[in-house]
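Engineer: Sequence:
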Amino acid sequence: MTILTVCIFSFNRGRYLRNCVESIRTCIPEADIVIFDDNSDDPETLAYLEEAAVSCRIVEPGEIGTIKHGGLYHNMNAALDLLRDRSLLCFLQDDTQLVRPVSYSEMNEMDELLDRTPGPGFVHPCFIRGIDLSKRPVTTLAGPASAFFYRQDTGQSAGIHYSDLVVFKPGRLIAAGWRFHQSEPANDRQAKELFGMMAYMWLPFAMWLPEVPAYRGKKKTLGLRLAEKKKQVGFYPFRLLSDDEVERTREQEPPRLPVAEDFLECTSGSPPKPWTYNPLTGLRLLKHLNNLEVAFRRWFKL
Numbered sequence: 001m002t003i004l005t006v007c008i009f010s011f012n013r014g015r016y017l018r019n020c021v022e023s024i025r026t027c028i029p030e031a032d033i034v035i036f037d038d039n040s041d042d043p044e045t046l047a048y049l050e051e052a053a054v055s056c057r058i059v060e061p062g063e064i065g066t067i068k069h070g071g072l073y074h075n076m077n078a079a080l081d082l083l084r085d086r087s088l089l090c091f092l093q094d095d096t097q098l099v100r101p102v103s104y105s106e107m108n109e110m111d112e113l114l115d116r117t118p119g120p121g122f123v124h125p126c127f128i129r130g131i132d133l134s135k136r137p138v139t140t141l142a143g144p145a146s147a148f149f150y151r152q153d154t155g156q157s158a159g160i161h162y163s164d165l166v167v168f169k170p171g172r173l174i175a176a177g178w179r180f181h182q183s184e185p186a187n188d189r190q191a192k193e194l195f196g197m198m199a200y201m202w203l204p205f206a207m208w209l210p211e212v213p214a215y216r217g218k219k220k221t222l223g224l225r226l227a228e229k230k231k232q233v234g235f236y237p238f239r240l241l242s243d244d245e246v247e248r249t250r251e252q253e254p255p256r257l258p259v260a261e262d263f264l265e266c267t268s269g270s271p272p273k274p275w276t277y278n279p280l281t282g283l284r285l286l287k288h289l290n291n292l293e294v295a296f297r298r299w300f301k302l
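The UniProt record's numbering puts the sequence shown at residues 1 to 302.
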């Protein structure tokens with residue numbers, strides 16, 4: 001049995017899902033991949049799921065005994081229950097990818113770190129988003145081992161003790177009585193109570209893709225459509241870090257804060273920096289327009 005199982009939570013983003021799976025196959029060939037698809041109906045996504053089923057396990061809401069309700073956090077709980085006997089789980093989403101190879105020794109180090117009691121319940125495998133630094137600078141604290149650090153708590157609602165993209169030991173979570181709640185802030189509060197701070201990696205191995213459009217099939221508001229046009233949303237996969245880049249980063253003293261824009265490059269042109277991960281970020285007028293239309297639809301049940 002492989003030490004790492006990667007769970008990808010998917011909905012109607014076939015091109016992105018393919019990129020995510022292929023990045024895992026390239027960077028961690030021995031990893032098991034389980035795709036939790038939330039009833040996608042986009043033809044491109046359905047075609048890829050059929051193709052991926054040859055080498056990945058596909059779990060859908062209709063599968064008896066697994067997912068009962070659908071939705072991201074219900075699917076996370078289904079993954080926890082279904083894969084409770086696995087050594088190490090990594091949760092990703094279809095609009096993310098791996099950006100460098102991950103060695104067995106690294107996986108083993110995470111496994112041992114997450115087995116400590118007391119000790120962190122989660123490792124965050126992603127780079128820090130540059131856009132977030134303008135609102136809340138990151139102050140690093142000594143971590144549980146040299147490859148990791150903690151973030152000083154400055155009052156944010158999530159990201160200190162928990163993130164939706166994490167590595168963890170399912171058996172330890174189950175033993176602690178963990179169940180995924182329906183928001184990141186709620187899970188962050190639970191993680192604070194049960195485990196303490198989440199460990200960040202000085203050399204992360206995964207990242208959200210920037211400027212991803214809303215999933216196919218979503219009924220977009222005028223505000224969202226205008227925001228996507230302004231942000232130049234599209235498909236911007238990352239180039240994998242070279243062995244030399246990885247080694248230089250490992251050897252750097254003191255280590256650099258792992259901000260995505262400082263380390264990663266997109267393969268097919270790059271959207272303006274700092275990258276954003278929601279088309280409405282930083283566009284106050286269009287955000288208000290979007291919220292107004294959403295409220296209007298809700299009131300009149302459109």
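Be careful, since some hints might not be right.
Said to hold, decoys possible - Pairwise CB distance ranges, derived in the manner of DEER restraints:
1. 252 with 292: 14 to 24 Å
2. 220 with 130: 17 to 27 Å
3. 255 with 105: 24 to 34 Å
4. 262 with 145: 15 to 25 Å
5. 3 with 50: 39 to 49 Å
6. 184 with 269: 43 to 53 Å
7. 177 with 130: 30 to 40 Å
Claimed, not checked - The list that follows gives simulated cross-link-like pairs (lysine-lysine, DSBU-like), each with its CA atoms no further than 30 Å apart:
8. 220 with 287
9. 230 with 220
10. 169 with 219
11. 219 with 287
12. 192 with 135
13. 273 with 229
14. 192 with 230
15. 219 with 229
16. 273 with 219
17. 169 with 220
18. 229 with 192
19. 287 with 273
20. 135 with 229
21. 169 with 229
22. 230 with 219
23. 169 with 230
24. 169 with 273
25. 169 with 287
26. 135 with 273
In case anyone wonders, no lab produced these hints; they're calculated from the structure.
For clarity, every value in this text was computed on a predicted model and none was experimentally measured.
Note that CB positions come from ideal geometry on N, CA and C, so glycine has one too.
Engineer: Just pull the numbers of the violated hints for me, sorted ascending.
Structural biologist: Checked against the structure, the hints that fail are numbers 1, 3, 5, 6, 10, 14, 17, 18, 21, 23, 24, 25, while the rest are satisfied.
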